[in-house]
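Participant: Chains as they are written, first to last, in the numbering used here: chain A, 1 to 483; chain U, 1 to 483.
Just so you know, these hints were derived from the structure itself, not from any lab. No experiment lies behind these values; they were computed from the predicted model shown. One thing to keep in mind: the hints can contain errors.
Since the list gives no way to pick one copy over another, a pair counts as held whenever it fits inside one copy or between any two copies.
Derived lysine-lysine pairs resembling DSS-like cross-links, with alpha carbons at most 25 Å apart [unchecked claim]:
#1 K254 with K6
#2 K6 with K92
#3 K241 with K279
#4 K101 with K64
2 protein chains.
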Amino acid sequence: MAAQRKTVTLLEVNPTIRNMKLPAKGVLVSRAAEITQELQQGVPKPFKEVISVHYGDGHAMGMKPITFIRQVMAACFYPELLDSEQLPDDVKSRAKILLQKCDGGSIGSYCDSSGLLHVRHSVSRYIERRDGGVPCDPGDIYITGGAQRALQLVLKMLVHSEGHSKTGVLVPVPSYKQFNNAVQEQGGVILPYHLSEEQGWELEIEELQRALRTARGQKCSPRVLYVINPGNPTGQVQSRKSIEEVIRFAAEEKLFLMADEVYQDNVFGDDCEFLSYKKVLFEMGPEYFHSVELTSFNSISKGFAGECGFRCGYLEFVNLDSQVQRYAQQVNSVECCPPPGQIILDTLMNPPPLSLLVLLFLLQERQASLDTLARNAWLAEQTLNSVPGISCVPVQAAMYCFPRIHMPSRAVQRAQAQGLAPDLFYCLRLLEETGVIADPGSDLGQREGTHHIRFCILIPTETLQVVLSSLKSFHLKFMQEFS
Amino acid sequence: MAAQRKTVTLLEVNPTIRNMKLPAKGVLVSRAAEITQELQQGVPKPFKEVISVHYGDGHAMGMKPITFIRQVMAACFYPELLDSEQLPDDVKSRAKILLQKCDGGSIGSYCDSSGLLHVRHSVSRYIERRDGGVPCDPGDIYITGGAQRALQLVLKMLVHSEGHSKTGVLVPVPSYKQFNNAVQEQGGVILPYHLSEEQGWELEIEELQRALRTARGQKCSPRVLYVINPGNPTGQVQSRKSIEEVIRFAAEEKLFLMADEVYQDNVFGDDCEFLSYKKVLFEMGPEYFHSVELTSFNSISKGFAGECGFRCGYLEFVNLDSQVQRYAQQVNSVECCPPPGQIILDTLMNPPPLSLLVLLFLLQERQASLDTLARNAWLAEQTLNSVPGISCVPVQAAMYCFPRIHMPSRAVQRAQAQGLAPDLFYCLRLLEETGVIADPGSDLGQREGTHHIRFCILIPTETLQVVLSSLKSFHLKFMQEFS
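Given these sequences and hints, build the entire structure.
Facilitator: Right, dumping it as structure tokens:
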């Protein structure tokens, strides 16, 4: 006799998963899909299409891929192209080297669970150049199917989920939701620390201390400090002084540092420079460099390539106990191996040598991407700060704008009456009236009583202009309605 | 002041991870790397190279990729090829369709966390054809970065790791180690059930009942039944009767069925047919079809494509509560989206229409791959069964051979004196003397007192001949030494 009742009811889902907060923007995304359908059916709307700027995806918004990368990929996947006139010699020789490094000469074979050793070497040489010669061992590099996977790998290793020793993870507010989900999925405790919007979203060490004190009262053991530099969604770049303070704090409090540095190539603000945590750690002298444990993360989805769909990132362990690192290998090997995005990683970490033609292409394409970002950031900031009731900290890096919306109290009440976070209410109205889908700050975290939205600026400038003018006129109408 | 002691010592690694058993074959793989280096340094050995047949990776062993697949991939990655003479029209039109389905027309953009809807449709139509019309909803298909990720997704959803309600998962012995690792990583309890070597590795329902009774005594709650059909490492194909028995057992005992069907396209034994669990479930009538909860898994790494390196697989949920399925989406979205291997999945699930030229290529290549497997299986079985002290059940499917080694007791004693499992001892000697690296049965699970090795037969026949003759002469010498 077969049972009628389900074996797996909602109550029988793993409680850790069941307790994960579903992101509010799910409502927005579903509504956007309905609106797109309505538009296709000819329902009249004040806009022609939905513009999705609630996440960072340059290619989806019309940015062009880097030619060299795509040519090398094509040649690796279909090696018959190595005999074709269609590809430049630099591309062919790079593809040949990479194919030689694959078992059986095919990109279709498994590789080591940490990625092709050849690519890990390219990554380590890149890191050494980036950090002015600070040594980097390819054995400390783990290539993964996206930086998110790398973050999960470290959390799996470190987070204890049972009893009073549950691991506490210090996480910035605002930050992006996927990291918090990953902590919760491992059964860890999120310990929020607030970035200071008044100080241009700076990380203030007193706030870290406060967050840690508060945590000591909760039944958990704070052991991990997560930082994002350059910031998401804040677009802020940490100074050397700020990084030094964080490192000293981690050393004193015996915290494992997770430095999310996926936006290291997206720095365009005046007088801004990306400094890696590892470089600063090194320059603080052996006392720190040989003791503070650090993992740094990077991704091919960001930078000037923006190859999100290929799912590839990496981490570097600094000072991790070698016995512990064996377990990282073990956890990683459950994944089999990273996907072929590592070919892209290789081309990014080890750009082609001085064949003028190829280099020109690459530099032009790279520069075009960074120029667009810088121009867009300036345009967004100027426009937003000219609108009454919106204020925006200058964006120095990454690919998002995170303006604060000064919401009239009548709007806040209306939202609450509908059981919605005020900025979600705002975003839903924005979507209905303009077709623009932005991310509500309540999903990213913000100080109580403040309201923000996030949108991606790594989009063609013409699209950004549409977004900004839609937002501006919507906001003015909204303020009028609720003032 | 920086601390000298590490923040993360071995004792501070997540206990669930720390308790995972490292596979014995790690020793073999490390030794094989040393031997390869020794060979390069000119150290004389009785063989010229290490032959790695301890895992299934056709491309690594020289099998050729399917042309159509690789051409479509190349065109998607480098769309300039769409204007080239180098690719057939069928390839170009397929690539165009797929690119249209990608946001921004680029394979470099994110897609839905469950994969491109277009590809999920291709998968669902494939499943419907495979199962003779049993309906399949694309909404129940989740594309992932490999079948292993899909298995992890389901385990994450279902496995409770705390207290007496720890989830028990019934797992076949022998089976491959990665699944057991994934269960342990989630904090679940493995409940082994033995397949019957005497009955050609059949799954016997009495043994499932025994395993479940034993489990009731352990402090866990058995809720998941994992089956692999066709079997790994056994190469056995389940009959309709056997599948029906398993389904009835799952229904009676309220177990969630996880059917690992990644070898569904690798069936070559005489009078053997792959029947999906879903099809059999359907044909058992509505009483079962509307109640038994089932997930089926498939992968592009197996079948006739063998594109392991691309990391793509999928699962289909059957009868999963819709509210529960929302959590699957949530867990899945932490991954962002599956890698571009989904392009390959599309070409496999939805092969090109009747352009004779392309179809001919595809069929020839597919048939060549299956013919090789069938021939190799026969060759391996015949050769092994002619060697005294080795017996091998006929291989009907998948891509492995799992012969039993009747080990002399003096060899067992010698191994134990060295602290090694007897079959690991055997495999280490085999590696030293022949360069062949096979998988010890102790890593895969076997009845106490029996010893096996596993090796992959999806390799060129000439390579298999080398493996078999090396194994045969090694074995005879080994028996002589220890008899």
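Participant: Tell me, in ascending order, the numbers of any earlier hints that this structure violates.
Facilitator: Violated: hint 2 alone.
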